[in-house]
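Using the sequences and the hints given, assemble the complete structure.
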Amino acid sequence: MKFSVPLLPPSVNHYKQPRRGGGWYRAADAIAFVDAVCVFSHRIMVTGNFYEISLTFHLGPKKQKLSSNDLDNFLKVALDSLARARVIVNDGRVLDLSVHKRFVSTDREQRTDFSVEGMQLDEREVLSGRALQASAR
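The numbers in the sequence shown follow this note's numbering, run straight up by one, and end at 568.
Calculated from the structure, these hints are not laboratory results.
Being a predicted model, the structure only gives us computed values, none of them experimental.
We put the beta carbon where it would ideally sit given N, CA and C, even for glycine.
Heads up, some of the hints might be wrong.
[Stated by the list, open to error] Simulated crosslink set (BS3-like; lysine-lysine; CA at most 30 Å straight-line):
no.	residue 1	residue 2
1	433	507
2	496	507
3	494	507
4	507	493
5	493	433
6	532	494
7	532	493
8	494	433
9	532	433
10	532	496
11	433	496
12	507	532
[Stated by the list, open to error] What follows is a list of derived Cβ distance ranges for each label pair:
no.	residue 1	residue 2	range
13	530	475	34 to 42 Å
14	469	536	46 to 54 Å
15	525	494	20 to 28 Å
16	432	452	39 to 47 Å
17	470	491	17 to 25 Å
18	438	523	21 to 29 Å
19	502	470	22 to 30 Å
20	526	433	46 to 54 Å
What follows is the structure, encoded as structure tokens:
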């Protein structure tokens, strides 16, 4: 399944905010990103018990500092949003992940592209490493 969201996920550094009385809450821009993933994925659940995911973050001019906007800061919210939208059951079941950062000429072109493939694998073989060795051949 492939789809695009016309937003970038907020950085993991801004994903959760501290609550005055203790604890944490999800920031408004994180909630907005999850909501957008729900809408643009049409909440179509990818079948399989494991997943292969490719993410491409397209950054506009305002985000094109190479010293900031680390790929790993985008990952948490992007993967969590797939689980919250029920596209995947759990982001702990992602076996293969490829991540790309690209640059676009205008901020209006900013987006996150998702590609999610389900794999039906025997869990015991995955844990022993046999399933992945067989698929690599």
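A quick look at each hint next to the structure:
| no. | hint | verdict |
| --- | --- | --- |
| 1 | 433 <-> 507 | 19 Å, holds |
| 2 | 496 <-> 507 | 20 Å, holds |
| 3 | 494 <-> 507 | 18 Å, holds |
| 4 | 507 <-> 493 | 21 Å, holds |
| 5 | 493 <-> 433 | 26 Å, holds |
| 6 | 532 <-> 494 | 11 Å, holds |
| 7 | 532 <-> 493 | 14 Å, holds |
| 8 | 494 <-> 433 | 24 Å, holds |
| 9 | 532 <-> 433 | 17 Å, holds |
| 10 | 532 <-> 496 | 12 Å, holds |
| 11 | 433 <-> 496 | 27 Å, holds |
| 12 | 507 <-> 532 | 15 Å, holds |
| 13 | 530 <-> 475: 34 to 42 Å | 22 Å, violated |
| 14 | 469 <-> 536: 46 to 54 Å | 29 Å, violated |
| 15 | 525 <-> 494: 20 to 28 Å | 25 Å, holds |
| 16 | 432 <-> 452: 39 to 47 Å | 40 Å, holds |
| 17 | 470 <-> 491: 17 to 25 Å | 21 Å, holds |
| 18 | 438 <-> 523: 21 to 29 Å | 24 Å, holds |
| 19 | 502 <-> 470: 22 to 30 Å | 24 Å, holds |
| 20 | 526 <-> 433: 46 to 54 Å | 18 Å, violated |
Of the hints listed earlier, those the structure fails to meet are numbers 13, 14, 20, in rising order.
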